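Colleague: As given, the protein sequences belong to chains A and F, one line each in that order.
In terms of this note's numbering, the first sequence has 78 at position 78, counting the first letter as 1, and numbering is strictly consecutive.
In terms of this note's numbering, the second sequence has 110 at position 110, counting the first letter as 1, and numbering is strictly consecutive.
Among the clues, some could well be false.
Intra- or inter-copy, both count: the list cannot distinguish identical chains.
[Claimed, not checked] Below are the SDA-like pairs computed for lysine to any residue, each with C-alpha atoms no more than 20 Å apart in a straight line:
1) Lys253 x Leu298
2) Lys253 x Arg79
3) Lys34 x Val143
4) Lys253 x Arg277
5) Lys253 x Glu235
6) Lys253 x Pro54
7) Lys253 x Gln195
8) Lys34 x Glu154
9) Lys253 x Arg63
10) Lys253 x Arg291
11) Lys34 x Thr153
Read the hints as simulated data drawn from the structure, not as lab findings.
As the structure is a prediction and not an experimental result, all values here were calculated from the model.
2 protein chains.
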Amino acid sequence: MVVDGCHTIIGDRSAINQAIADNRRPRRLFAGFKVGHFTDENAGTGCTVVLPPPGNVTSCDVRGSSPSSRELELLHLDRRLEEVHAVLLTGGSAFGLAAADGVMTWLAERGVGYRTAAAVVPIVPAAVIFDLRAGRASPPGAVAGRAACEAATEEDVATGLVGAGRGATVGKWAGRQHATEGGLGLGNAESGGHQVGALAVVNPVGDVISSEGAVIAGTTAARPSFTGPGSEEVELPANTVLAVVATTASLDKRAVRWLAARGSDGVTVSVRPAHTRYDGDVTFACAAPSRADSPVDLDVLGRLATEAVASAIRQAITR
Amino acid sequence: MVVDGCHTIIGDRSAINQAIADNRRPRRLFAGFKVGHFTDENAGTGCTVVLPPPGNVTSCDVRGSSPSSRELELLHLDRRLEEVHAVLLTGGSAFGLAAADGVMTWLAERGVGYRTAAAVVPIVPAAVIFDLRAGRASPPGAVAGRAACEAATEEDVATGLVGAGRGATVGKWAGRQHATEGGLGLGNAESGGHQVGALAVVNPVGDVISSEGAVIAGTTAARPSFTGPGSEEVELPANTVLAVVATTASLDKRAVRWLAARGSDGVTVSVRPAHTRYDGDVTFACAAPSRADSPVDLDVLGRLATEAVASAIRQAITR
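Given the sequences, and given the hints that come with them, work out the whole structure.
Modeller: Next up, the structure:
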């Protein structure tokens with residue numbers, strides 16, 4: 001089931017919302033994957049953890065200026081490690097990486113991680129969005145990360161202004177003051193026996209657009225022109241789309257890395273402008289081991305990854 | 001001043017130590033750079049923070065399987081960011097990344113970081129060594145990271161079994177049970193008006209060798225053969241040399257990245273075997289801005305980076 005963006009004219013927000021409401025939003029990321037949110041309503045921020053099945057092969061694709069992150073190096077093809085024990089997406093900019101400490105201890109308490117002679121050591125890649133607000137800076141920390149793990153569930157995963165998407169905004173390309181709310185969304189795509197799920201945290205400089213190019217959510221500037229979000233952002237990118245692509249397929253790390261890049265394409269087709277110099281985007285891809293004998297068509301999975309991520313980005317807005 | 005390794009025959013440890021004692025060990029990493037340690041004697045671990053001058057250009061070179069890390073992605077040439085506000089080296093394996101949270105808040109309290117509309121956001125790359133011991137796992141956390149910052153000083157930087165080097169060991173290639181103590185060391189090298197300093201945390205699979213190839217510290221196995229440190233380490237590398245190369249020179253990010261790689265060569269010449277599949281090594285390079293008009297000879301700096309790191313690795317052992 002591919003969830004399409006919208007079927008109405010530009011600017012008709014109520015019609016857009018209605019069309020999307022008619023489409024059933026995904027209730028989960030993917031079979032076997034748990035998702036948990038921590039949301040801080042006061043501070044307008046939060047974090048989201050994805051707990052994949054054991055034996056997964058995980059990698060990532062980083063576009064543009066890169067957000068602040070943790071453990072991305074291990075996911076690159078030069079590095080031997082393949083399995084991760086959680087993926088954390090978090091608000092709070094670089095401060096939010098502290099939430100990973102809560103995920104680490106929660107996993108270690110449950111014996112989840114790499115077994116060494118001395119201790120079980122989990123590997124928790126993480127990436128952040130910049131959602132700090134002057135006077136309200138209370139980034140997610142270890143307590144938030146642990147809470148997200150405690151709340152993790154496979155079914156009935158909440159979307160919208162929750163978890164890492166709580167403080168997300170879109171449409172900052174004509175100035176940050178004209179931004180619109182972003183959010184967190186789920187998407188999925190299916191074809192020929194192959195299925196791919198995606199989760200996205202939508203905090204880009206650009207607008208979110210439909211498959212026909214209509215703006216679903218974006219800048220509220222009356223006569224917008226590209227000015228960039230603000231001069232202070234030249235050095236530290238403060239806009240991000242974070243995505244997680246999930247599937248069940250026996251893939252090697254190189255194939256998973258490629259799948260992550262196809263997921264990043266899902267950002268390119270659903271955000272405009274995408275991947276600006278003020279954006280630091282990351283797409284994780286996580287393939288759970290498959291017990292099936294049927295061959296995997298990686299080309300199909302790639303197309304589905306693009307569609308699923310685009311769908312998740314649009315679903316984050318239309319809720 | 002290049003600190004040479006040793007001038008004695010293999011196995012004559014007291015003579016080795018004497019020779020090195022005759023050479024004056026560096027008292028600092030480099031002018032303008034502060035270094036602070038936190039050492040936990042009970043748990044046999046610790047962390048070390050390097051605070052570089054503002055306006056630095058920083059990058060890194062990752063060899064082999066990569067250790068657990070934080071913010072390395074921003075240091076790569078694809079990414080625009082150039083300046084960092086601290087570099088953290090820490091024990092505790094992936095758990096030790098929590099020490100970076102303490103560094104973050106300490107820096108933010110002092111207004112050190114990238115200025116955004118909402119808050120000052122520091123960037124703190126970090127890398128770990130695996131020094132966990134069964135039953136004594138108390139990895140450095142936020143408190144440790146803060147303490148290291150509080151203790152940071154430009155002069156009289158301690159070396160040996162301190163900070164991130166407290167739990168380091170060498171000579172595990174014939175089995176972890178035959179390991180010898182490693183440590184943290186400083187080195188420097190100078191030529192033709194160019195100077196480079198280095199700090200190293202020495203926790204490799206291999207032995208530390210002199211410039212003539214004699215073993216300074218290594219496996220204590222009677223008749224050693226390469227068995228690898230242990231079968232459980234195939235998945236999660238548990239051996240590392242972490243190095244920081246420091247200099248004052250107006251270099252662009254590409255040149256600093258290259259300098260980091262020349263620092264990694266310092267590992268290759270002073271550790272044997274080096275960069276095994278069970279090692280995850282990282283060399284950071286940090287160039288503080290120079291006010292001098294004299295031209296920079298990058299080729300000279302590269303050779304000095306190699307010598308300084310090799311020197312720091314040997315100094316860690318000989319203290």
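Colleague: The structure should be examined with respect to each hint, and the outcome stated for every one.
Modeller: Here is what the structure says about each hint:
1. With identical chains, the CA atoms of Lys253 and Leu298 are at most 20 Å apart within one copy only, with a shortest distance of 13 Å there and 37 Å across copies.
2. Within a single copy, Lys253 and Arg79 get their C-alpha atoms as close as 10 Å, which meets the 20 Å cut-off; across copies the closest is 23 Å, which misses it.
3. Within a single copy, Lys34 and Val143 get their C-alpha atoms as close as 19 Å, which meets the 20 Å cut-off; across copies the closest is 32 Å, which misses it.
4. In this assembly of identical chains, the alpha carbons of Lys253 and Arg277 lie at most 20 Å apart only when taken from different copies (17 Å versus 28 Å within one copy).
5. Within a single copy, Lys253 and Glu235 get their C-alpha atoms only as close as 32 Å, which misses the 20 Å cut-off; across copies the closest is 14 Å, which meets it.
6. When the C-alpha separation of Lys253 and Pro54 is checked against a cutoff of 20 Å, the pair qualifies only within one copy, where the shortest distance is 15 Å, while the shortest distance between copies is 39 Å.
7. Only within a single protomer do Lys253 and Gln195 lie at most 20 Å apart by alpha-carbon distance; the minimum there is 19 Å, versus 42 Å between protomers.
8. Only within a single protomer do Lys34 and Glu154 lie at most 20 Å apart by alpha-carbon distance; the minimum there is 4 Å, versus 48 Å between protomers.
9. For the homomeric pair Lys253 and Arg63, the shortest alpha-carbon distances inside one copy (18 Å) and between copies (18 Å) are both at most 20 Å.
10. Proximity of Lys253 to Arg291 under the C-alpha cut-off of 20 Å is restricted to the intra-copy arrangement: shortest distance 18 Å within a copy versus 46 Å between copies.
11. Taking the shortest Cα distances, Lys34 and Thr153 sit within 20 Å of each other inside one copy (5 Å), while across copies they are farther apart (46 Å).
Comparing the model with each earlier hint shows no violations; every hint is respected.
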